[in-house]
Structures are given as structure tokens and as C-alpha cells.
Amino acid sequence: MEGLPASNRFDLVGAGKAVTAVEADANGARLVCGSHDYKCYLYDFGGLKADGKSFRSWEVTEGYPVVAVSWSPTGDAFLVVTSYSQPKVYNRDGKELGELPKGDMYIRDMKNTKGHVTNCTGGAWHPVEKTTALTSSEDGTLRVWDVMELQQKTVIKPQLAKPGRVSVTSCSYSTDGRLIAAGLADGAIQLWDVKGKFGHSAAVGLVPVPKPQQALFAKQTWSYASTPGQVVRNAHAAGSDITCVRFSLNGQHLLSRSEDGSLKLWDLRKFKAPLCTADGLPCNYSMTQACYSPDEKFVLTGTSAEGKDSSGSLVVLDAQTLEKQGEIAVDGSAVAVQWHPRINQIFVGCGGRSGGCVRTFYDPKLSSKGALAAASRAPRVEATEFMSLGAPKIYVPNALPMYREDLPGRPLSKKRRAEKEAEQRKYQPMAGSMAKGVGAGGQLGATGGTLLTQHVLKQQGGLANAEVDARAAFLRHASKADDEISRFTAAYKATQPAPIFAEEEDEEEEQAEQK
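Each residue of the sequence shown is one higher than the last, beginning at 296 in this note's numbering.
Honestly, the hints are just simulated from the structure, not real lab data. By construction, the Cβ of each residue, glycine as well, lies at the ideal position given by its N, Cα and C atoms. It is possible that some hints are incorrect.
Unchecked claim - Derived CB-CB ranges, DEER-like: (1) E762 <-> Q791: 45 to 55 Å; (2) T470 <-> A668: 26 to 36 Å; (3) K592 <-> T572: 11 to 21 Å; (4) G621 <-> T470: 22 to 32 Å; (5) A533 <-> G358: 53 to 63 Å.
Stated by the list, open to error - In silico DSSO-like pairs for lysine-lysine, Cα to Cα no more than 30 Å straight-line: (6) K409 <-> K448; (7) K452 <-> K397; (8) K709 <-> K688; (9) K567 <-> K603; (10) K334 <-> K348; (11) K457 <-> K397; (12) K348 <-> K664; (13) K457 <-> K383; (14) K397 <-> K312; (15) K397 <-> K348; (16) K334 <-> K390; (17) K448 <-> K397.
Could you put together the complete structure from these sequences and hints?
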């Protein structure tokens, strides 16, 4: 397809499950991704090898998958949002700078808490301001943060069609940062102008604050907004999460992706009905994204695998009509998508339960740097391939003879060779002192064969000494019995010629009677 840098591909590996969040910094030098295995992976294209391994990975919050990552406009920090209620901020090297505070879950009105109280669903760094970021949550609010002070500046509560609490499932800034868009679980899309009217938290101003506590309450003067500038009810099917809302570069159009399997294009000047709709796009992940190409000719989105034997794909659509222009299959489901404008490469977070990766598409003629340079580098050599992990051996040439060891590779002197041979002869057996083979009759090597088969063949199946009369052999020793006894009774022939045996005792008689 003309204009699509997808002639080559390069995989950034390491994730244990599907990659659900991907973003490269503004220069295209580093990329951070988050996965369902609760970890973040950081890649540096300047030092990346052909094996595609990250130079750092860590678990953000134990037991909570990563739902969104976003770089600051200067590229010196990035925001990581997990399904936990407290997003975290990291510097460029992956070192944690801080954690956003958690709100009080026992306060009913969410605009009076200092943070989210339930799972977060999305987040984005302000495209212009270095210290501002946006997050959304299932507690039904969006919150604007001062990431340097780690405190919220504004709480936004969407306007609902009926009383209750509805989760905010996605959020986004416009390219100039003037508009905020949010997708709700009831299928609505709402927009706010950051320069609109904002109130102040009800946590302050009701009672005069004592002087010792003024510094504490000064941090609670956040503003809040509830009335959106524009609202579209039933933009998508109710009960299906809106997984992504994305502004066009000129800020006049909006893309919305939903779990109902559709992608819609909206004109913000006529924000009542979609301009066009693309259906038949399976979506099983609540983080599935969509994005524009740098020239806004194409729209990219991912589709999910519908079965064990099927796979998802990266779908290319026309930006004006949302007609399908092409499709590229990936391993597992395609979830996160980014088309980087500077290096002209496409990053797709994909995978499933068995593993995941960031599939990078590029064209040597259209793309620059990034994965293009990394694919040509040889993979890293593991340290164990060229380095011994054990302690080195020490040789002492002047040690005592009993402790002396020969240096490897050096020939022995005549004296040392003679000493070594004499030492070995001490432990050698004398010639003829050992006989080979299995022994019999107390002597080694007395048998010619060791197997039962060999013995039977040698005896020809007959019994040994079959011609000997066994009865005669026993009777030959009968006369010897008296001789053996008389040897011990010769002293009694004179005093006791008739043998007298011991009489039975009473116990023996009683036992005999009982029997």
C-alpha cells in the first residue's frame, strides 16, 4: 500500500502477556510499553540490538495490568496508568518519581476527594504543558493532575442521563490541549473546554481554617467541572466500553473505538451523528486503540482474536470514509497502536495469554532511525559466554611439595617429573596382586563364566556329583558321633558311668498339664 511503512517488521520482545499500551517519545529515541503481565518495558533504539530485548523492565503495581502509558512533551518523564487507583510517574530511565494520591472511598461526592478511589481506565500527558496530566477511572470522574507536585488540579464529573455512577472508560487531550474528550460505559461521549467555567472543591470554604492547618488545606483548593461543552448520547452501544477517543491533528474530528466492534468518525462542528462507521472489528480488550497517520490519510486500529486458532490484525482504513484499505495479521490480538510522525514507523502492541510483543513496521525507504537501525545490529553477547563466573585459581611456585600444583601449559622439569612419577607409584598395586574377573571359592578369577546360561551349558544340563550316593555319605559319619561326645564326657566314666539328666521343674510340669 502506497505511503504505508510496512514492508519490514521488527519485534520488541519480553512481555509475558499481551501488550496493552505503547508509546514512543517525541524524538522516537525511546519506547515504553505496558502489558497484562503487570510490567512495563523500556526500549532505547540507540542501543537496541537485533534480539529486540528491553534494557529495563519492572512491575508497576503488583497484580494490576497496565492500561495506558504517555510521555511528557519534553520526553524527560512518562506516566504509567494501571488498573489500580494510583497512577505513577517515572523519569526517562524508568526510575519512579512519585505516585498520585488515592482518594477517600467513604466520601460519596467524588469531587471532594483528592484522588481516584477505584480502578483507573486511561490516562494521557498534556501535549503542551510539562506538568499536567489527565486520568480517568471507574469512579465516574476524570482528574487533571500536577505531576510535579503530585496533587490534582481539577476534578471533572461527566453529566449523566440519570442519577447514578457511570465509569469513564477512556480519555484524551486534543493536539493543542484545549479540549478533553471522554468515553463512558453508557455509550456517551462528552467534551470539555479546559478554559471553561470551573467551581471549587466543597472541602474548603465552609468553615474558617485555623492557621496551623492553612498549609494543609491550601493543597485542597482544586477546581471541578460537571457541565460538558458537547455531549453525544448513545454514541455506542450501552454497556460496551468506549476503549479509545482520539482527536485529529487539526482538532476538528474525533475517532471513537468501542467494544461493540465499531469505529466511528465524528465532526466536532456537527457533533450529533457520526460521519461514518466501520463495523465488524472484533474488540475483546478494553484498551484497544485507534490512531491517525501523520498525514491524516489513514486510520489504524487493532482487532482481537476470536478463538484459539484465529489471530487479530492491524486494520488500515481511509480517514475520510473509514473504508478498509488493508489488513496485516499479527500474533494474538492487536491492542495498542501508534504511528510515530518523526521516524515514520508503526508500533503495534499485540499478543495474548501466552506472550506478547511490540511489532514494529517500517520501510527502509520511508522510515528513519528507530527499529531500522536496531535491526542491523548484532544481538548482545551474554556475559556467561566470554567470562568465567568462578573465582580464579592461584598457583604458588615456591609452595611445599605436598601443596605444590603445576602451572597449566608449562612443561615439567626432569626433577619434578621424577617426583610426580614416584608419587603416583605409591598408589599403584603390585604386579600380580590383582586378578581379573569375577571370583568363586574365595579366589578371584576362578570361574570361566559369570552367566547362568554359561554354567548350564558347561554342565550340559546335568546335576553336579550325580554319581555320588547320598545315603552312604551320611552313614559314613555315623560312627563319629560317639567319638565326638566321648571327647567331652571322659571325666564322668569313673564317677558317673550312667548319665543323669536334669529333672523337670514345676513350671515345666504345669505347662505340660495345661497342654
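The hints, checked one at a time:
no.: 1; hint: E762 <-> Q791: 45 to 55 Å; result: holds (47 Å)
no.: 2; hint: T470 <-> A668: 26 to 36 Å; result: holds (28 Å)
no.: 3; hint: K592 <-> T572: 11 to 21 Å; result: holds (19 Å)
no.: 4; hint: G621 <-> T470: 22 to 32 Å; result: holds (26 Å)
no.: 5; hint: A533 <-> G358: 53 to 63 Å; result: violated (30 Å)
no.: 6; hint: K409 <-> K448; result: holds (9 Å)
no.: 7; hint: K452 <-> K397; result: holds (17 Å)
no.: 8; hint: K709 <-> K688; result: holds (25 Å)
no.: 9; hint: K567 <-> K603; result: violated (39 Å)
no.: 10; hint: K334 <-> K348; result: holds (14 Å)
no.: 11; hint: K457 <-> K397; result: holds (27 Å)
no.: 12; hint: K348 <-> K664; result: holds (17 Å)
no.: 13; hint: K457 <-> K383; result: violated (33 Å)
no.: 14; hint: K397 <-> K312; result: holds (28 Å)
no.: 15; hint: K397 <-> K348; result: violated (34 Å)
no.: 16; hint: K334 <-> K390; result: holds (14 Å)
no.: 17; hint: K448 <-> K397; result: holds (14 Å)
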